Each structure stands twice: as structure tokens, then as C-alpha cells.
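**Student:** Sequence:
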Amino acid sequence: VIPHITDAVQDWIVDVAERPADGSETSPDVCIIELGGTVGDIESAPYLEALRQFQFRVGRENVTFVHVSLVPVLGPVGEQKTKPTQHTVKELMGLGITPDVLVCRSSKPLNNETRQKLSAFCHVHPDAVFSTHDVPNIYHVPLMLEEQGFCKILNIDCNKTGLLADWRAMAYRLDELTEDVRIAMVGKYTDLSDAYLSVIKSLQHAAIAVERKLTIDWIEASDLENAKNSESWDLLRNANGILVPGGFGDRGIEGKILAAQYARENNVPYLGICLGLQVATIEFCRNVLGITDATSTEFDSDAANPAVIFMPEISKTHLGGTMRLGSRPTIFQVDDCVMKRLYGGQDSVDERHRHRYEINPDLVAQIESAGLKFVGKDESGQRCEIFELDGHPYYVGVQYHPEFKSRPGRPSPPFLGLLLAASGQELP
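Under this note's numbering, the first residue of the sequence shown is numbered 1, with each subsequent residue one higher.
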């Protein structure tokens, strides 16, 4: 634990807490800082010390420590056990942090005896011991906390903007959804769904907006390369929509290309993100333009006909810190396109990027003449950011990562378009 590190953590918190987050010039009412892991982990020691100092720096009245802890239910009688929470609170106190609020995760609502016991042994007022028990969907959790008086603890009026009412309507609407929509997720990290957590959440946000119950069918991209793998191909064929998310490396690339080809040839709604845009472009060059050896220089640095190339401003020898990163503008090149309408008719959009490769500018005119139109480009008008396929219900690729700006009640437009098309609803 080094002073200049803990000071830097505190300065970062202040910077984030004062930065407007909703497009206005007003600072947020609350800034949530999550410190993950387990109390006592060596990795979290500098952050715990920084937070201890931070409370002293800005005053106790400006910081609320919320400790999230498991209250397991054991035995046939279903007794709620408080010992794990008691021990972690004791550990926290030894590090100089006293929780103001306990948020207790349990399968059933906390009973009054458990609440009083936690209050007595953890030095927390009974009204500051909150139950977060199992609910039909996670969007009920903020409602559950509000009903137990969490806003009073923070001394804020949660109902002054009407956002909570909208949130409540969304949570209960999700409970009532019955009509399914199936999305095939063709990726290379499918063994751990958390690798695509933001993509999953974006699909959920869009599914709620179109009032459909979302089912995600996970397909390992390399499995599609074997035509005899009937299970993976059956999942792809039975999907209402196909999504190819971002990724790196050549493993599973041919499977992703086959998924893009299937979606294009069979009028299945398709969304390609980052690498998903690139593989769809490679597929189009191979099977529509007849450039059978089209590929990316990421997979073959000596390719004779690269459809995707290394960006000229990026170093080919030093990969660290060389990506095109962060929020950058995309300018719509035409007025009449699905994506511009999904974005509300804006002339440009700011989305977050993370890539080293781009569509080969030398092939753009040839690709567009065959029907795959690059309707969004960067400020220079050269780098391709969005494509749409003429005559297809929804065949869209984006070079950026729209999943990072999707929110409950405000789904990302590319995901919304995919879910609208996949559920047979009219696009704007």
C-alpha cells in the first residue's frame, strides 16, 4: 500500500463523481464505486485503504459504505446463518472501514430475528440491514431496495424524476413476456458467457423493448467448420437472428464466416460487431465478388487479396497500446438507411471502439456496387464503420462496440434493430 497509489485512486473517484453522466452539465447525485472480491484479499488492500482515507478526506456525511454479503440458508429447518457476514464486517472494521449499510443476499427474505442479530453484531442500525432475496429478474432488485427505504439512507428522493416508475414498469413487463425470440451467438469464448456479458445485457435490453422473451443459443464458431456437427448447425438454423461479436485471432474464423454466409443467403437477421463486421465483409468478397482467397491480414499477413487490413497508423511490431480506442464519431453517409433511423435520424453518432484492423479501402467501391453499402464512416470519410445489405431484412455490421452504451430502458440501436427484425416486427 503506497501513498501515491491510494492518492491516485481517490483523485480518480473525485473526477468520476463530478463528471456529468446524462448529457447535461449537472454532476450526478450519487457515484457508485464497486470494490469486488472478498474482504482480506491482498489485491484489494490498496483500494480499501484508499476508501478509508477518502471517507476522512470528504467527510463521513458524503460517503456511505455498503457491504454486500451472503446469508446462506442451511439445514432442513431453513435457518439463516449470519456468521459469514459477522466475520467479514469484523475484518472490514480491522481495516478501518465500518459499513453503514448491509445488503444481504439470500434465497428468502430476511426474517426479523436475522435482521436484529446482524444489526447487533455488525454495529448497523436495523433499518440499514437490507434483504436482497431471489426475485423473478434482477430488475426487481432496485425496487426491492427502495421499498425497504434505501433512498432514505442516502437522503435522496428517488421519485423526483419518474425514472423509478419507468423502471418498475420495465421489471414487471419482463415478468409477463411469453413469446420467444432466439438469437444464435457465434463466438469463440462461449464456454464462459461472462466474456460476452455486455453483449448479453444489450440483447436483454432490446428484447424487453420489443416485448419478447430472449433465448440465447451459444455456438462455438469452430464447431460450424465441421459440416457434420449437426447440433451446432441445428441451433444456427433454428435461430431467429444471428450475432457475431468481437474477438481476436484466427481460431473459429471460418465458422464465423459460415454463420455470416448462412444469414446473408437465408435472409436471417444478422448483426456483426467489430470482428463480426470484418468476417461478414470477407464472406461477401469471397462468395459475391468472387475473390475466393479474400481474408484479413490479421490471419494472413501475406494475403494476396486482403478484405481487411492493418490500419496504417498502427504499429505492426508493437501491439501494446496501439489500438484505435475509445469514443469516436461515425458519420452517416446517406440519409435513407435503417441504422440512421434506428439512431433517431442523427447525422453522426459517438460509439466506443477497440480495434487494429479495418475494411480495405481499395475494395469499398467494388463491395458497394454489389449491394453491401457502407452507410457510416469516420470523420475522414475513408474508414468504414457501418454496413447494410440491400434487400435483406436486417444484415448489419458495425466496427464499434455498441454494447457498451446500451442501458435498461434505452437499448443500443443496432441491438434493437436485430431484435425487431428477429421477432418479425417493423423496422423504422
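Just so you know, the hints here were simulated from the structure itself, not pulled from any lab data.
Quick caveat, the model's predicted, so the values are computed rather than measured.
Treat the hints loosely; a few may be bogus.
Computed cross-link-like contacts, PhoX-like style, restricted to lysine-lysine with a CA-CA straight-line distance of at most 25 Å [to be verified]:
{"#": "1", "residue 1": "Lys-228", "residue 2": "Lys-201"}
{"#": "2", "residue 1": "Lys-188", "residue 2": "Lys-201"}
{"#": "3", "residue 1": "Lys-160", "residue 2": "Lys-188"}
{"#": "4", "residue 1": "Lys-152", "residue 2": "Lys-188"}
{"#": "5", "residue 1": "Lys-405", "residue 2": "Lys-188"}
Per label pair, the in silico range of CB-to-CB distance [claimed, not checked]:
{"#": "6", "residue 1": "Gly-345", "residue 2": "Gly-424", "range": "23 to 29 Å"}
{"#": "7", "residue 1": "Trp-218", "residue 2": "Glu-34", "range": "23 to 29 Å"}
{"#": "8", "residue 1": "Glu-368", "residue 2": "Arg-168", "range": "43 to 49 Å"}
{"#": "9", "residue 1": "Phe-310", "residue 2": "Ala-227", "range": "43 to 49 Å"}
{"#": "10", "residue 1": "Pro-109", "residue 2": "Glu-25", "range": "38 to 44 Å"}
{"#": "11", "residue 1": "Ala-227", "residue 2": "Pro-428", "range": "34 to 40 Å"}
{"#": "12", "residue 1": "Asp-166", "residue 2": "Gly-75", "range": "39 to 45 Å"}
{"#": "13", "residue 1": "His-133", "residue 2": "Glu-225", "range": "42 to 48 Å"}
For glycine and all other residues, C-beta sits at the position ideal for the given N, C-alpha and C.
**Student:** Cβ-Cβ distance between Phe-310 and Ala-227: within 43 to 49 Å?
**Tutor:** Between Phe-310 and Ala-227, where Cβ atoms are some 32 Å apart, the hint is violated.
**Student:** For a C-alpha distance cap of 25 Å, please report whether Lys-188 and Lys-201 respect it.
**Tutor:** The hint holds at about 18 Å.
**Student:** Kindly confirm whether 39 to 45 Å is satisfied by the beta carbon distance between Asp-166 and Gly-75.
**Tutor:** holds, 41 Å
**Student:** Do the alpha carbons of Lys-152 and Lys-188 lie within 25 Å of each other, as the hint requires?
**Tutor:** At roughly 46 Å apart (the allowed maximum being 25 Å), Lys-188 and Lys-152 break the hint.
**Student:** Indicate whether the distance between the beta carbons of Glu-368 and Arg-168 respects the range 43 to 49 Å.
**Tutor:** The hint (43 to 49 Å, Cβ to Cβ) holds, given that Glu-368 and Arg-168 are roughly 46 Å apart.
**Student:** Holds or violated: are the alpha carbons of Lys-228 and Lys-201 at most 25 Å from each other?
**Tutor:** Violated, at about 32 Å.
**Student:** Is the hinted range of 23 to 29 Å satisfied by the C-beta distance from Gly-345 to Gly-424?
**Tutor:** Because 24 Å falls inside the window, the suggested range holds.
**Student:** Against the range 23 to 29 Å, how does the distance between the Cβ atoms of Trp-218 and Glu-34 compare: consistent or not?
**Tutor:** holds, 27 Å
**Student:** Would you mind confirming whether the straight-line C-alpha gap from Lys-405 to Lys-188 stays at or under 25 Å?
**Tutor:** holds, 23 Å
**Student:** Would the pair Lys-160 and Lys-188 pass a check requiring their Cα atoms to be no farther apart than 25 Å?
**Tutor:** violated, 45 Å
**Student:** Looking only at beta-carbon atoms, does the pair Pro-109, Glu-25 fall within the given range of 38 to 44 Å?
**Tutor:** Holds: the Cβ-Cβ distance is about 41 Å, inside 38 to 44 Å.
**Student:** Per the hint of 42 to 48 Å, is the separation of the Cβ atoms of His-133 and Glu-225 within bounds?
**Tutor:** For His-133 and Glu-225 the Cβ distance comes to about 45 Å; the hint holds.
Hints 1, 3, 4, 9 from the list above are not met by this structure, while the remaining hints are.
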